[in-house]
Amino acid sequence: MAEHWSHPLDTLPFDTVPPAGHYGVADMTGVAARRIEGLSIATLAPARGAEAAITETMRQALAMELPGASRAVFAGARTLIGTAPGRWLALSSLDRDIAGTLRAALGPLAAITDQSDAFIALDLAGPKVADTLAKGALIDLDPRVFLPGMAATTVLAHIGITLWRREEATWRLLVARSFEAALLRFLVSSAAEYGFELDARG
Amino acid sequence: MRIPCPYCGERDAHEFSYLGDATPARPDPAAPDAQDRFFDYVYLRDNPAGAHQEWWYHAYGCRQWVQVERNTLTHAVAGARLARDARDAAGDAAGNVPGDAS
Ligand SMILES: [Zn+2]
Numbered sequence: 001m002a003e004h005w006s007h008p009l010d011t012l013p014f015d016t017v018p019p020a021g022h023y024g025v026a027d028m029t030g031v032a033a034r035r036i037e038g039l040s041i042a043t044l045a046p047a048r049g050a051e052a053a054i055t056e057t058m059r060q061a062l063a064m065e066l067p068g069a070s071r072a073v074f075a076g077a078r079t080l081i082g083t084a085p086g087r088w089l090a091l092s093s094l095d096r097d098i099a100g101t102l103r104a105a106l107g108p109l110a111a112i113t114d115q116s117d118a119f120i121a122l123d124l125a126g127p128k129v130a131d132t133l134a135k136g137a138l139i140d141l142d143p144r145v146f147l148p149g150m151a152a153t154t155v156l157a158h159i160g161i162t163l164w165r166r167e168e169a170t171w172r173l174l175v176a177r178s179f180e181a182a183l184l185r186f187l188v189s190s191a192a193e194y195g196f197e198l199d200a201r202g
Numbered sequence: 001m002r003i004p005c006p007y008c009g010e011r012d013a014h015e016f017s018y019l020g021d022a023t024p025a026r027p028d029p030a031a032p033d034a035q036d037r038f039f040d041y042v043y044l045r046d047n048p049a050g051a052h053q054e055w056w057y058h059a060y061g062c063r064q065w066v067q068v069e070r071n072t073l074t075h076a077v078a079g080a081r082l083a084r085d086a087r088d089a090a091g092d093a094a095g096n097v098p099g100d101a102s
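These protein sequence lines are chains U and F, in that order.
Mapped onto the numbering used here, the consecutive letters of the first sequence carry residue numbers 1 to 202.
Mapped onto the numbering used here, the consecutive letters of the second sequence carry residue numbers 1 to 102.
FYI, nobody ran anything at the bench for these hints, they're computed from the structure.
Cβ atoms here follow ideal geometry from the backbone N, Cα and C, with glycine treated the same way.
Each hint should be verified, as a subset may be incorrect.
[To be verified] Per the computed footprint, the stretches of chain F lying under chain U, defined by three or more beta-carbons under 8 Å from a beta-carbon of chain U, are: (1) 28-41; (2) 71-79.
[What the hints assert, rightly or not] If you want a taste of the chain U side facing chain F, the calculated C-beta under 10 Å gives, among others: (3) Gly-82; (4) Pro-85; (5) Leu-138; (6) Asp-140; (7) Thr-154; (8) Arg-166.
[What the hints assert, rightly or not] Now the in silico label distances, taken between C-beta atoms and shown as ranges: (9) F:Arg-26 x U:Asp-140: 34 to 42 Å; (10) F:Pro-48 x U:Ser-93: 48 to 56 Å; (11) F:Ala-49 x U:Gly-76: 54 to 62 Å; (12) U:Asp-142 x F:Arg-45: 55 to 63 Å; (13) F:Asp-46 x U:Ser-6: 52 to 60 Å; (14) F:Pro-4 x U:Ala-176: 20 to 28 Å; (15) F:Glu-69 x U:Pro-143: 47 to 55 Å; (16) F:Arg-2 x U:Ser-93: 31 to 39 Å; (17) U:Pro-143 x F:Gln-53: 31 to 39 Å; (18) F:Pro-48 x U:Ala-47: 38 to 46 Å.
Just chain U, with the same shape it has in the complex (with noise of 0.2 Å):
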């Protein structure tokens, strides 16, 4: 391990967003955080009786299939993330307004809720993502367990998150914008000893 590091929690207001730069050990990574812009996000549920339609459209007009149980999949820039039974949670880096191209989509068939200024979405990246994730989680997230296109709706240090594994060594996380400075001051203290980058230029 490196030399002497000053916690950065000390000097870190608890109730201010941290800023980007790197924390804890100096000269390694373990663990890296880039809060994803221009992210657009919108919630589906199915008008009663209309989940199976929903499911069939779903596959002719975006080419997605919708998860079963709480589960992610990927269709080039969008996500679809099962949330709950007959709910979903839909993101796309590609559509301005996803809502709108579901809404085109799939009309009165589903309740579609725009949730693009509820969320701050979260990148991690690193050998030290699950093991950062495990000192507030209650889910087992071994990388073994835990694998790639699963999905979580749980708590993070008391924080409630929707946790998915994108790939072998990408996670990523929706968090209640209100509650970012809350969880980046959780990821800060508890990525510290592996070197934590927040969003990191280039």
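For this one, chain U is given, so just place chain F with the ligand on it according to the hints.
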């Protein structure tokens, strides 16, 4: 203690909030003895040592009501199903499902 949510999988009990006994059935408000039966329904509960059917709300997960069979002596959970499935199984659209009492 962990509760096997039928949608989310096994989750820590801290993700849930507890309501209580899942067996009382809402009486018919038009019955002549409705007032007495509602008193029982609202206030009277058994306190069994052993198997207990109870409602848990998965507040930090899928936000569904779950009917859980828990042993009150050991906390062993014998099974869980979504309230909507329990209601469908009961074949009673006005069934005793919390949050659906309207
Ligand atoms: Zn659940």
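Checked hints:
no.: 1; hint: 28-41; in the structure: violated (count 0)
no.: 2; hint: 71-79; in the structure: violated (count 0)
no.: 3; hint: Gly-82; in the structure: 8 Å, holds
no.: 4; hint: Pro-85; in the structure: 6 Å, holds
no.: 5; hint: Leu-138; in the structure: 4 Å, holds
no.: 6; hint: Asp-140; in the structure: 9 Å, holds
no.: 7; hint: Thr-154; in the structure: 6 Å, holds
no.: 8; hint: Arg-166; in the structure: 19 Å, violated
no.: 9; hint: F:Arg-26 x U:Asp-140: 34 to 42 Å; in the structure: 38 Å, holds
no.: 10; hint: F:Pro-48 x U:Ser-93: 48 to 56 Å; in the structure: 53 Å, holds
no.: 11; hint: F:Ala-49 x U:Gly-76: 54 to 62 Å; in the structure: 57 Å, holds
no.: 12; hint: U:Asp-142 x F:Arg-45: 55 to 63 Å; in the structure: 40 Å, violated
no.: 13; hint: F:Asp-46 x U:Ser-6: 52 to 60 Å; in the structure: 58 Å, holds
no.: 14; hint: F:Pro-4 x U:Ala-176: 20 to 28 Å; in the structure: 27 Å, holds
no.: 15; hint: F:Glu-69 x U:Pro-143: 47 to 55 Å; in the structure: 33 Å, violated
no.: 16; hint: F:Arg-2 x U:Ser-93: 31 to 39 Å; in the structure: 36 Å, holds
no.: 17; hint: U:Pro-143 x F:Gln-53: 31 to 39 Å; in the structure: 37 Å, holds
no.: 18; hint: F:Pro-48 x U:Ala-47: 38 to 46 Å; in the structure: 41 Å, holds
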